[in-house]
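2 protein chains.
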Amino acid sequence: MATPMSDDNVEKILEPFRTAVKVQGDRVKEMKDNNVNKDDPDFKQAISELKLRKKALEDQITKWMPKEESIDRLKMEDLLKRRFFYDQSFSIYGGVNGLYDYGPMGCAIKANVLAEWRRHFILEEQMLEVDCSMLTPEIVLKASGHVDRFADFMVKDVKTGECFRADHLIEAQLERLLKAKDINPEKKAEIERLLPQIDNMKGPDMQKVIEQYKMKSPVTNNDLSEPVTFNLMFATSIGPTGQVKGFLRPETAQGIFVNFKRLLEFNQGRLPFAAAQIGNSFRNEISPRSGLIRVREFTMAEIEHFVDPTDKSHPKFETVADLQIQLYSASNQMSGESAQVVRLGDAVNSKLINNETLGYFIGRIYQFMTKVGVDKRKLRFRQHMSNEMAHYACDCWDAECKTSYGWVECVGCADRSCYDLTQHMKFSGERLVAERPLPAPKKVQVNEVQAYANVIGKSFGKDTATITKHLQQLSHDDARALHDKLEQGDEKINIDGKEFAITRKMFTFRSIEKTVQVEEFVPSVIEPSFGIGRIMYAMWEHNFRIRPEDEQRTYFTLPPLITPYKCVILPLSGNEEFKPYVKQISAILIQAGISHKIDTSSGTIGRRYSRSDEIAVPFAITIDFDTLKQPYSVTLRERDTFKQIRVKIDEIATILQGLSTGTVTWGELCTQYPEFVEQQTTKEQQ
Amino acid sequence: MATPMSDDNVEKILEPFRTAVKVQGDRVKEMKDNNVNKDDPDFKQAISELKLRKKALEDQITKWMPKEESIDRLKMEDLLKRRFFYDQSFSIYGGVNGLYDYGPMGCAIKANVLAEWRRHFILEEQMLEVDCSMLTPEIVLKASGHVDRFADFMVKDVKTGECFRADHLIEAQLERLLKAKDINPEKKAEIERLLPQIDNMKGPDMQKVIEQYKMKSPVTNNDLSEPVTFNLMFATSIGPTGQVKGFLRPETAQGIFVNFKRLLEFNQGRLPFAAAQIGNSFRNEISPRSGLIRVREFTMAEIEHFVDPTDKSHPKFETVADLQIQLYSASNQMSGESAQVVRLGDAVNSKLINNETLGYFIGRIYQFMTKVGVDKRKLRFRQHMSNEMAHYACDCWDAECKTSYGWVECVGCADRSCYDLTQHMKFSGERLVAERPLPAPKKVQVNEVQAYANVIGKSFGKDTATITKHLQQLSHDDARALHDKLEQGDEKINIDGKEFAITRKMFTFRSIEKTVQVEEFVPSVIEPSFGIGRIMYAMWEHNFRIRPEDEQRTYFTLPPLITPYKCVILPLSGNEEFKPYVKQISAILIQAGISHKIDTSSGTIGRRYSRSDEIAVPFAITIDFDTLKQPYSVTLRERDTFKQIRVKIDEIATILQGLSTGTVTWGELCTQYPEFVEQQTTKEQQ
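Sequence order for the protein chains is A and B. For the first sequence, the positions run 1 to 686 when my numbering is used. For the second sequence, the positions run 1 to 686 when my numbering is used.
Among the clues, some could well be false.
For identical chains, the list gives no copy identity; a pair is met inside one copy or between any two copies.
With a straight-line Cα cutoff of 27 angstroms, these simulated DSSO-like cross-link-like pairs (lysine-lysine) come out [said to hold, decoys possible]:
(1) K312 to K579
(2) K44 to K426
(3) K142 to K245
(4) K81 to K458
In case anyone wonders, no lab produced these hints; they're calculated from the structure. Bear in mind that the values here come from a model prediction, so they are computed numbers and not experimental data.
Kindly produce the complete structure, drawing on both the sequences and the hints.
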């Protein structure tokens with residue numbers, strides 16, 4: 001392995017790149033301070049340039065990354081598929097892109113991650129868990145904005161009809177051009193200007209680039225269609241008539257929002273409270289790539305914490321305030337600096353993180369991620385810059401994990417203000433609000449509008465309902481105006497192009513004074529949203545290891561809390577006398593609820609250790625000839641260190657329970673129990 | 001409440017109905033013994049009559065069922081909705097039939113049921129759990145038979161387009177006619193003959209009935225369309241081209257079958273093994289009814305136990321052989337008898353249950369169901385009669401729970417022989433087989449067919465692949481015939497209407513002898529398939545109670561293993577001195593992973609007990625003035641008995657852990673701890 005460069009030398013190489021970002025970041029900041037219009041071409045150009053410089057810096061950082069931080073992805077994926085952690089779905093039928101099945105190992109890891117998620121968030125924070133339908137009628141996703149805006153641009157091969165995601169295709173082709181040896185400096189500069197703009201391009205801008213560079217299908221070299229938007233939701237039809245259009249949900253969050261009233265009532269009307277949901281969501285990606293990172297069906301775990309927007313303090317913030325977390329703030333990103341390790345309490349005090357509740361969740365996410373096996377050095381929280389944040393959000397931090405695909409967003413944590421509830425209120429007509437007591441009772445003007453259906457019915461028959469509804473829904477000003485006009489005589493109103501003559505007897509309006517004790521408000525929502533598949537992928541990369549003494553021996557250092565099996569039971573050989581002990585120990589472990597594997601196959605003990613290391617089994621119980629003598633005992637071997645201790649059979653359940661839940665560490669046990677040294681240690685047997 | 005009739009009197013009433021069934025059952029049996037053709041009109045008529053008599057018997061049994069066995073469903077549903085166990089999805093937008101959301105209580109119960117399912121089946125039996133895609137390409141469901149056969153007949157209101165399930169509509173209208181007072185005896189007999197036939201009717205038969213009885217839409221009285229088949233799967237399109245047709249899976253089983261090879265390999269090639277999957281499935285019911293019993297999206301838990309068809313013994317069968325289980329055999333059903341309590345071992349010995357493995361699963365299902373709270377008196381295993389069983393199945397028993405909707409199938413347990421793997425083998429071309437060692441090595445004839453693409457290519461250019469493939473796939477006989485003809489000279493073959501002249505150099509065939517040690521076979525599958533929503537509904541009905549002293553106090557007697565909260569912490573009053581104890585006990589319980597609720601609201605202690613009984617909280621910890629004195633102690637109250645004991649705070653975690661996992665019972669605790677009698681017991685405070 002080549003000696004990696006020292007951090008100091010790398011920093012020297014990076015410095016000019018950092019400076020270039022900072023200069024440009026300052027320029028953008030200045031323009032913002034001068035309240036420049038965000039559609040101003042100069043401003044747009046400045047943002048593009050900033051992105052370009054940030055990308056150049058990131059590329060350099062990746063290039064000089066120490067070798068031991070990079071992983072052999074092919075080798076890892078080989079292991080993941082060979083031992084069936086996961087694999088492509090339906091591959092006996094040729095497979096479907098973007099769909100994966102978890103095998104026994106992946107499935108057990110997923111179940112353990114979700115169990116810990118439930119314990120860490122739902123149980124410990126007394127959240128309200130719900131389990132809502134995946135099938136979702138159109139109106140709900142119209143309200144959320146997904147029907148109109150959850151789309152990517154795609155281009156089609158005009159002959160074969162094959163589809164490509166337009167931004168990915170343009171980016172790939174521009175980058176290929178950029179790498180051409182004979183590229184002239186003008187062209188180079190032009191492409192470098194274009195690249196960072198792709199993210200914000202609409203169809204016509206993309207079409208211009210495709211035409212200008214005469215881009216073709218990368219597969220057939222045929223011409224491409226113009227870019228068209230493609231909605232990423234899977235559509236279906238609910239019920240037999242074909243009239244109820246529905247989608248598979250693209251996120252679990254909407255199920256919580258539409259249940260807000262029931263949940264608030266369940267919580268006896270009190271705020272704040274959090275609801276949570278674990279479940280599958282679906283996105284019909286145009287051309288899925290990057291393995292488990294971008295898939296069409298995936299498990300999410302989402303929390304919606306509802307809070308009074310005037311008070312976002314959190315009573316338990318102090319319990320996470322001392323955490324030291326890598327934060328990559330918008331201002332770091334603007335100035336070309338790296339992420340910085342910051343004490344969470346300081347980040348909230350200095351207002352770098354908008355409020356205590358958001359800060360509390362960042363801390364809890366950090367605790368969760370590191371507990372399930374994410375390497376804290378490869379975990380950072382990146383703040384959204386104002387230009388990438390949704391207009392309604394007031395702050396947003398993504399938990400990103402460093403993988404061989406780059407930094408990947410695994411958890412989003414956004415303060416979405418009152419956007420979602422407001423939208424559903426608008427579309428459903430239901431009042432999705434909470435109440436807070438007023439400091440003192442208040443007198444308010446209340447409008448009472450009354451439409452008399454019995455009177456209206458005499459004149460208008462079947463139109464009665466339409467007219468009554470129209471009148472009752474008049475705004476305060478319109479109702480007052482109509483009332484005043486009716487005082488003068490009959491008045492014609494127009495509903496959907498039809499005229500109706502309204503009389504004074506049909507309609508009254510009064511404005512009265514009432515005393516109120518409470519006021520209504522729409523709660524804010526803070527939303528931590530976890531992509532379980534991505535977290536698992538990061539866990540695998542962060543824990544994949546190759547034994548220095550043998551390139552073929554690969555394994556995972558996953559924490560015992562998460563591993564599919566907590567231990568393996570191995571008789572030293574096929575000796576008949578060992579068999580009852582295998583049975584006895586297995587029964588003890590089942591009784592204690594400890595998942596385990598039995599390996600009585602004929603391989604050498606070393607080969608069998610190696611097979612169990614591959615699937616991350618953290619401890620091995622070996623039954624040998626000493627086991628047969630009183631006090632009946634076994635050896636317990638640890639996966640990462642190869643170290644073994646000797647313990648009595650009747651202690652084994654308690655010890656493994658402690659190790660699995662983290663109440664005792666291997667290091668502690670090694671001080672309490674005698675180390676076991678094999679009589680005939682060969683290299684293979686370790 | 002009216003005094004229920006004694007069992008003896010009821011049995012007297014039922015006797016003639018039982019006899020009528022038996023007489024007819026014997027007639028059917030006799031016809032079968034005489035190998036009558038099953039399409040013979042007389043035989044069909046005999047089966048119909050048998051069904052009719054069975055239904056009359058069931059109706060009588062329901063009619064005379066003791067009152068305490070019936071439940072007030074409206075009252076229970078009110079509680080389930082009011083405390084948000086579940087409710088209709090998207091109801092702020094008017095709701096969608098057949099879609100339900102589980103609220104915090106339903107969701108926690110579901111999570112607990114699934115956790116116990118994992119422990120009971122997957123952990124204890126070392127099953128291989130998988131987690132497969134719900135989106136499924138068409139070919140997979142073509143192979144399984146769902147594309148062609150998973151359909152119901154529906155009729156449409158010709159004016160409004162409203163759809164009805166044809167069999168339900170016909171049945172409802174015939175039953176209404178039957179209840180008319182002025183019905184003449186001929187008509188009555190005719191309808192009674194028709195009713196039991198509906199299940200087996202195809203479209204034209206249904207159309208005849210609809211015409212004959214001039215049936216109309218029950219909503220508008222408009223005419224109805226002819227019955228058409230409606231496939232119950234939700235269709236969607238995968239990827240952007242619209243060319244990959246897909247469905248939402250209608251069951252989880254197929255995901256296991258298509259992964260059979262990987263799973264067998266994971267199990268190192270050994271049989272038997274079981275794979276399991278928990279996940280959602282989807283059925284686009286035409287007109288869902290019966291609340292949670294018939295829904296469009298539901299969670300299943302399925303096991304596929306793969307076994308050598310020549311050996312279906314089970315090594316652990318003895319562990320369940322002594323269970324006494326209510327079995328409702330096909331022969332009981334034919335002879336008008338009730339279900340009978342049978343020792344499981346006897347049922348397998350007498351071949352009533354086809355084999356040990358099937359019997360073992362019936363036993364394990366029984367243990368699971370009763371552990372999660374299903375009443376064993378309301379649980380029976382009903383054997384499919386030969387006319388309702390799929391043609392490939394060799395035995396099938398449904399675990400049915402008695403509810404206010406009648407006996408509802410909650411778990412199916414079928415021996416599906418090798419049907420599923422064979423189908424996927426046929427459609428995918430992959431060999432889905434296992435190997436067993438031969439008793440002795442065997443010599444076999446092996447055909448070696450060789451098509452020489454390089455020679456073929458010289459003559460036929462672009463058709464080479466087609467021809468090569470055709471030749472290689474020739475059957476043994478065709479290959480030998482072609483070989484023989486080529487010995488005589490060139491030979492023309494026909495592929496898709498095109499002729500090709502084949503020469504001796506293009507193709508060889510030989511039949512050679514090989515010695516083999518193993519033989520391949522397609523494993524049989526035994527499939528226990530659980531409908532989680534239905535099981536939960538049965539659990540709720542079986543555990544719903546009304547306090548005799550107060551009709552308004554309703555509660556659930558669910559076992560602590562399953563309840564959302566294991567306990568509630570209640571300070572006797574709002575006294576400031578109690579607050580630190582609430583915090584301290586809550587922290588102890590979180591540490592021990594015990595889910596709990598805190599109720600510091602201002603209601604009386606009695607009202608608060610009642611609120612926690614409603615959501616099935618089995619134990620209440622009350623902090624009172626004695627708590628403040630050393631040794632710090634609290635009262636622990638049990639939900640069903642109202643009994644209270646006094647325990648020390650530092651014992652509380654261990655006690656609740658024991659109660660929740662079932663390692664200690666309330667009865668045992670009552671003998672170990674002093675009973676606590678309140679000083680000022682009022683009725684409300686109990």
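- Violations among the numbered hints, reported as their numbers in ascending order: 2 and 4
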